[in-house]
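Here is how the chains run, residue by residue.
There are 2 protein chains.
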Amino acid sequence: MPGSPLLADLIEALRCLPGVGGKSAQRMAFHLLERERTRGLKLAGVLREAMERIGNCTRCRNFSEEPVCALCANASRDRQVLCVVESPTDLAAIEQATGYRGQYFVLLGRLSPLDGLGPEELGLAQLSARLGEGEIEEMIIATNPTVEGEATAHYLAQLARAGGVKPTRLAHGVPLGGELEYVDRGTLAHAFGSRQALE
Amino acid sequence: MPGSPLLADLIEALRCLPGVGGKSAQRMAFHLLERERTRGLKLAGVLREAMERIGNCTRCRNFSEEPVCALCANASRDRQVLCVVESPTDLAAIEQATGYRGQYFVLLGRLSPLDGLGPEELGLAQLSARLGEGEIEEMIIATNPTVEGEATAHYLAQLARAGGVKPTRLAHGVPLGGELEYVDRGTLAHAFGSRQALE
Numbered sequence: 001m002p003g004s005p006l007l008a009d010l011i012e013a014l015r016c017l018p019g020v021g022g023k024s025a026q027r028m029a030f031h032l033l034e035r036e037r038t039r040g041l042k043l044a045g046v047l048r049e050a051m052e053r054i055g056n057c058t059r060c061r062n063f064s065e066e067p068v069c070a071l072c073a074n075a076s077r078d079r080q081v082l083c084v085v086e087s088p089t090d091l092a093a094i095e096q097a098t099g100y101r102g103q104y105f106v107l108l109g110r111l112s113p114l115d116g117l118g119p120e121e122l123g124l125a126q127l128s129a130r131l132g133e134g135e136i137e138e139m140i141i142a143t144n145p146t147v148e149g150e151a152t153a154h155y156l157a158q159l160a161r162a163g164g165v166k167p168t169r170l171a172h173g174v175p176l177g178g179e180l181e182y183v184d185r186g187t188l189a190h191a192f193g194s195r196q197a198l199e
Numbered sequence: 001m002p003g004s005p006l007l008a009d010l011i012e013a014l015r016c017l018p019g020v021g022g023k024s025a026q027r028m029a030f031h032l033l034e035r036e037r038t039r040g041l042k043l044a045g046v047l048r049e050a051m052e053r054i055g056n057c058t059r060c061r062n063f064s065e066e067p068v069c070a071l072c073a074n075a076s077r078d079r080q081v082l083c084v085v086e087s088p089t090d091l092a093a094i095e096q097a098t099g100y101r102g103q104y105f106v107l108l109g110r111l112s113p114l115d116g117l118g119p120e121e122l123g124l125a126q127l128s129a130r131l132g133e134g135e136i137e138e139m140i141i142a143t144n145p146t147v148e149g150e151a152t153a154h155y156l157a158q159l160a161r162a163g164g165v166k167p168t169r170l171a172h173g174v175p176l177g178g179e180l181e182y183v184d185r186g187t188l189a190h191a192f193g194s195r196q197a198l199e
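Protein chains in written order, with UniProt numbering: chain E, 1 to 199; chain A, 1 to 199.
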């Protein structure tokens, strides 16, 4: 940036944010300097603290700055249902969209031997131990509907059955508000095959 | 954010960035935590330093962490031309698009009595003093082509003439690559009236 090496550094550093290129980074830097110094400083502080302190919950592997996250520590949540997701983002999506009040387990990945992600990396021993505690009755498998996600779901279902827990899977089908014409073939074929009787 | 109050704080703090709403802030936070911890920490440090240390150059009022910015301190730049712009963003745009190698003066605003922006707030006394130094021969007035920008340009032109400096203004007209059909009326009328003889 002409005139200020520090400003140039700031613009470069802002590019670590996803979807932010040179132009946006420049606009952000100028905006903060011209109008939002206080909030910019606040962001700097929170960002440092988050990068340094946020780890993973020892119980569910979700992001947490405490050894046990607020969701696991919340005594009012149902301890008989466990929802298994691939990532903290998926957990957040479910938490925001549904009224689910049970527990979670975050795999932090999916079974993908080529990427070196096996049962160990996904914490499946820990998950088995948790199923073995005897509290959980249903395990909702909410991995993504991709090839790897489905393989992981299959593996998880076996794990659940071995632990005497009932495995369930999110329903696949035509999205609400979607038009059949634009739904992909695989989804449409699945929805057609899994059609349900109307009462 | 479910599970981590610190993560919720980070998402909230990221919303101070322009064009970043709740969804983008969440995506940014997860991206940094999952993949870019080092660069996230770097950003936190640079951001704090920039917010605390970047002020304005005492000579041209551009952003600078030093009393005199790198542009003003650069002895190889032409001292006979001074380009006056409204904001550091405009300075950056000119610096990036043109081969201009002269000096700058940043108004940090435009004449706008209703907003309490008069000659004093724009540092015009300082600008006059600089014109009075006798080095400058041409003052390029690069305020925005808005009503307030034009009024400011008019005022600046008088100031230049009073200081014995030749004022010039960026050319207005049809943008390169634009189609006449889509150019606004005012611009088209101006371009038509200011038509130039071809050699």
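Each hint should be verified, as a subset may be incorrect.
Claimed, not checked - Just some of the chain A residues that point at chain E, by a computed CB distance under 8 angstroms:
#, residue
1, 9
2, 46
3, 88
4, 90
5, 98
6, 117
Claimed, not checked - List time: in silico SDA-like cross-link candidates among lysine to any residue, alpha-carbon distance up to 25 angstroms:
#, chain 1, residue 1, chain 2, residue 2
7, E, 166, E, 183
8, A, 23, E, 176
9, A, 166, A, 42
10, E, 23, A, 166
11, E, 42, E, 27
12, E, 42, A, 145
13, A, 42, A, 75
14, E, 42, A, 93
15, A, 42, E, 147
16, E, 166, A, 93
17, A, 42, E, 35
18, E, 42, A, 166
19, A, 42, E, 176
20, E, 23, A, 145
If you're looking for bench data, these hints aren't it; they were derived computationally from the structure. Predicted, not measured: the structure shown is a model, and the values here were computed from it. Beta carbons: idealized from backbone N, C-alpha and C, even for Gly.
Looking at the structure, which of the earlier hints fail to hold?
-> Going through the list in order, the structure violates hints 4, 5, 6, 7, 9, 10, 12, 13, 14, 15, 16, 18, 19 and respects the others.
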